[in-house]
Amino acid sequence: MPLIEELPVSQTIKASHGWAYIPDTGPIAAQQPGTRDRKRVAAGAARTAATSSAKREKATSQRLESLNKENYRDGVSIPIPPSNREKGKGRKETSNVKRILGYQRTFAHYLADVEANNPGELHYKLPNAPTAMGPPRTPALARGESSQRKASTDTNASRKRSGARRSIADDSSRPTTPIETPRRGTKRGRQSSRSQSISNFETEARPAGAVVKKEEQAVSEEKDTAMTDVSSIQTGNAAPPPSQSSPDAFNERESKASYPLEWDTDPLLSSYPSDVPSMPTDRIMQILISEQPLTYTAARARPLDEDKRPPPRRFCGICGYWGKVKCKKCEEWTCGLMECWRTHEGTCPMANAY
Amino acid sequence: MARTQRQNNSAALSVPQNTFVLDNGAYTIKAGFAPNELLSDNESLKSCETIPNCLVRSKERKTYVAAQSNELSQWSEAVFRRPIENGQLVNWEAEKEIWDHAFFDQSTAHRNTFISTPSETTLLLTESSNVMPALQRNTDEVIMEEWGFRGYMRTTGSSLNAYNHLRALFDTAITPDAQPSSTKLPADCLLVVDSGYSCTTITPCFQGRPIQRAIRRLDFGGKHLTNYLKEIVSVRHFDLHQDMKIVNDLKEDISFVSIDFKRDLEQAWKGSRRSNKPVQIIPDAMDLGEDESAKDTRIDYVLPDGVNLTRGYARPYDPSREIANRRKLAAAQNIDEIVMTLGNERFVVPEIMFNPADIGSKQPGLADAVVQSLSKLPPLIQATMIANVLVVGGTAKIPGFVSRLQDELRTRIRTEWPVQVRRMDDPVTSTWLGGARLASSHQEVMQKMVVTREQYHEYGSAWLARQFASVR
Chain A
1 MPLIEELPVS QTIKASHGWA YIPDTGPIAA QQPGTRDRKR VAAGAARTAA
51 TSSAKREKAT SQRLESLNKE NYRDGVSIPI PPSNREKGKG RKETSNVKRI
101 LGYQRTFAHY LADVEANNPG ELHYKLPNAP TAMGPPRTPA LARGESSQRK
151 ASTDTNASRK RSGARRSIAD DSSRPTTPIE TPRRGTKRGR QSSRSQSISN
201 FETEARPAGA VVKKEEQAVS EEKDTAMTDV SSIQTGNAAP PPSQSSPDAF
251 NERESKASYP LEWDTDPLLS SYPSDVPSMP TDRIMQILIS EQPLTYTAAR
301 ARPLDEDKRP PPRRFCGICG YWGKVKCKKC EEWTCGLMEC WRTHEGTCPM
351 ANAY
Chain B
1 MARTQRQNNS AALSVPQNTF VLDNGAYTIK AGFAPNELLS DNESLKSCET
51 IPNCLVRSKE RKTYVAAQSN ELSQWSEAVF RRPIENGQLV NWEAEKEIWD
101 HAFFDQSTAH RNTFISTPSE TTLLLTESSN VMPALQRNTD EVIMEEWGFR
151 GYMRTTGSSL NAYNHLRALF DTAITPDAQP SSTKLPADCL LVVDSGYSCT
201 TITPCFQGRP IQRAIRRLDF GGKHLTNYLK EIVSVRHFDL HQDMKIVNDL
251 KEDISFVSID FKRDLEQAWK GSRRSNKPVQ IIPDAMDLGE DESAKDTRID
301 YVLPDGVNLT RGYARPYDPS REIANRRKLA AAQNIDEIVM TLGNERFVVP
351 EIMFNPADIG SKQPGLADAV VQSLSKLPPL IQATMIANVL VVGGTAKIPG
401 FVSRLQDELR TRIRTEWPVQ VRRMDDPVTS TWLGGARLAS SHQEVMQKMV
451 VTREQYHEYG SAWLARQFAS VR
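Chains A and B, in that order, give the protein sequences.
Once you know that position 22 of the first sequence is 22 in UniProt numbering, the rest is easy, because the numbers rise by one and skip nothing.
Once you know that position 304 of the second sequence is 304 in UniProt numbering, the rest is easy, because the numbers rise by one and skip nothing.
Same shape as in the complex, but just chain B:
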């Protein structure tokens, strides 16, 4: 009964066309208004802003909220407070502060993200998978009662990716009826690997809806990689324990995932270089020539000091610098820049995503977790999913991540099934883009899923939770 009432209601009060897509991530928020009609990806992305989702307190005990942290130059000994822990929004006090600052305050909000009249706007909010029901209820209540949005929809972020324009990535020219762009339906089968800050979630999506029984989570994400890198570098080079942001920048600048871990580790060993022995490369037909064997993974990194240099940068390894430095130290002169040489740290750190046993964790690697997730699906769906794997999230930006995942999956899946792992050009905003496309070109889906303010006040938050959880 209530359901037909609701259908009547939603037909009567049309969901406002003005939709604000908010991808609430643990590290950054991606937010912006969805364009009114279907634009190309680059055009749509111009409306998207990336805002750090944290409060930072610097060494000088000054607190910065969200985007204010871009003004901070001295990152050493800064502490963070993040409202989202382990992917779930726990701390609403901090989150409200950040949202107020970024979206509702005209003096501090960016032009693209300023919401002047929430009562005329629909909010499309993403959350991570398997959020605890109490936290979902908190979120619903705060949003509906505090800002009074006209319409509201809460969904898992991974499933929004199905609305992206993916044909160009996955199409292998078998389909005779390929439309050039703007397919009206979401991708039928998509396996989303969302590798973010706090964790990595594997979500198979069918027609834009996640298949709940097959969602699996790996508790490794960008945060763990950064902490691991911090540990290693602090033991071997400089103590960077207090400099989380600096190590984060370091990780983004220098790390890569090696395709052949053994070969890269041999290459990076001090022992082989010392004895001037050429690194053992077994010659075979695939040998790519001299440059492969001479490829040096070492790199010099200049650390920022907050005064002259605000952000570190990398440059190619320069052996003469080491000798010059030693002479300088011997002469007790001042070194004007802090440089360290990094070799195997570059690829050992992301390796723990694929082999958590390296660090002693019992969790399975990423490829094994994908296989676990697939085993819960019917066989044909398995085959289709594995041919449509999309990697999103910040950690997907690491060079070599996608090809390594494809190689590892290839060894675990039967040969008859094709394996394709791809990522969008910018994996960070990929979910936001999916949400924007959903809002601009799939109005009928939005009509079904959005809840209006009147309905919330009439039926309450428990009803809201059931609405978002069930399929219509």
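Chain A extracted, bound-state conformation:
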């Protein structure tokens, strides 16, 4: 997209002295006769590439800046219109308010202040110690807080570990954190015990040989119980279900099973319903809610990593269709249509118009 600029109307070209000003695009390697020094040529080419991409960078950033503008003219000031209405019951402004009203600082000033106070805070730092929160606490509260703090660093560390290994996209369902493993174990124990009690009726009569069928039933039962579990959490009645007597259930299953029970916990067999992530404790959630807000710059969404970014899409600068052809001189994209190309030729900023 070309920059919109006002061009001077007169274009006088004085024909004289056999030389003319041309825009500087860096050393023109091809025109230096007898340059056997390939290193220098390569460096020159690299430099040209660097400067042109730097120029392009500058052009893009300038364009993005212009997107942020409020008015078409910079430095326009609208003074407050003098009002001739009575100021509601003769309100007197305090000096503090007058001072604040008289501030001429802009957003950039405040942002610079914040960045000066928190140098290098571009990334969120885990809170090591909570900043002074409110009026001085009673000793009981302080004790609770210090234990909370310890728990928070533990959970933070473990959550970081689990977060690093388990992003949303990947499907691994192996338990990673020490906190979550015992919970999951108990949950599964609870589910199987419940399914156990339901299917116990039917299996009383049947011999233990029909174990496979029961296991299937148990799995489907498990699925049912798991689904309602998820939904109940979603509606916010979330208290993690109390773990029932898992050792008993385990012994029962062991006596009736005909295959090694470790196969049950094989990760290949795990499917989502039996692998619902556990509800974080109230303490964790309280910590999450009560954290201090991030600074303005730290809260900005981070650009994706280089390799995860999709290739940039180019559009024609004239009509907006896909950009198929790149102008050799000014690196502007155009679609294949002749009229778009002609229009661009006419307005190409780098054209050598003689």
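Hints listed in this document are in silico derivations from the structure and should not be mistaken for laboratory results.
Because the structure is a prediction, the values reported are computed rather than measured.
Be aware that a few hints might be false.
[Stated by the list, open to error] Mimicking BS3-like on lysine-lysine, the simulated pairs with C-alpha atoms at most 25 Å apart in a straight line are:
1) B/Lys362 / A/Lys308
2) A/Lys326 / B/Lys262
3) B/Lys59 / A/Lys69
4) A/Lys326 / B/Lys270
5) B/Lys270 / A/Lys324
6) B/Lys262 / A/Lys324
7) A/Lys308 / B/Lys376
8) A/Lys324 / A/Lys58
9) A/Lys69 / B/Lys362
[Claimed, not checked] A short list of chain B residues far from chain A (calculated; beta carbon distances all over 10 Å):
10) Asn42
11) Gln74
12) Pro319
Glycine included, every Cβ here is placed at the ideal spot set by N, Cα and C.
Use these hints to put chain B onto chain A, whose structure you have.
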């Protein structure tokens, strides 16, 4: 010690029932008194007024404050002064003028927004997320010292949405104990995508409180879309550089977000139409018939000229008009209306919200930013949040925005987790509505969060800031 004192105080002087909810946005202010008891949404919204949050100076050098700008007919070459920049209230001089005009002056304030006795009213004010502390302090001091409200509460706007009536939007009939209306608790998990004028903020809220570490901001909003549209239209059709408001109206009238960008772009290409080649639609089972392939995204837009027409409007594309116009131009006659045909500008402009790389920006798209925000949460909370995404803000009104966001999130989230993205009927007043519901039916929460004037004068503004930031 001070905390128990404060609790005693707040029990003694009850927070006045009269609450004024003020959603201070960069583009418009949504304000009104909260109804005293819980009403239906439509009823409550009748108390809400939308006021432009700016000072406008027209070409004739006349300045209009806030709602006075509705009298302005010639919008060409108007300049704006907004007290809120990048979502943060920087300029109190202008904001005080606007508030005085809109709320405290009986001759100019609307009936719904006139505050006759601030000393008997509680103010519920919203701000954007991650506001710089110095600006928060300025706000607190000006409000408490200038107008003397009885009670005051400042909170992030996004978290107020959790108090809205959302069951109808998100409920998929799993819950056996669904109450028909008026749940006493705020929504447990809600991911609010607030897409406003200056920026888009993604806030996961738990029990009505934002989870601070996961709040992310994308610096694209309605302002950037309007400026981009202005650039494009000025290059291709008419120079509208000086007409910010006209382009804003244009954007609101014609833009939409395409579900299938590639197909729409092919459709809108001049080349395919010229050669009379039918647009390539690969036939498959989902083919919806002839009308899909013949759907023309082009539209004619009539620009206002301030004299005969005060606001532009759109009408379906009429190819015969072009030929008639050319003949008229050839005969050097006057064209009585300024019309332009817009095709791919309609959907290319909102596309930069989802793909900022189109314009050269390194920021991630909206779906990627949501994923970034989610990655800071525990896994079960992630799953619940992604099933409860609410889009609020002016930019959410663009047709197709919500479905496009849902599609994009669906491709980024694992298949076992359901993805639901919804918006309220009017995304602009959604935050105000949440605040009104909080004020009318959750008095105990208000009691905990509101600060009274006496407390401010006793403890100062630093204490105030800590109160609003910490959870009680």
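Checked hints:
no.	hint	in the structure
1	B/Lys362 / A/Lys308	12 Å, holds
2	A/Lys326 / B/Lys262	20 Å, holds
3	B/Lys59 / A/Lys69	19 Å, holds
4	A/Lys326 / B/Lys270	19 Å, holds
5	B/Lys270 / A/Lys324	14 Å, holds
6	B/Lys262 / A/Lys324	14 Å, holds
7	A/Lys308 / B/Lys376	19 Å, holds
8	A/Lys324 / A/Lys58	23 Å, holds
9	A/Lys69 / B/Lys362	19 Å, holds
10	Asn42	26 Å, holds
11	Gln74	16 Å, holds
12	Pro319	17 Å, holds
Consistency note: the structure conflicts with none of the earlier hints.
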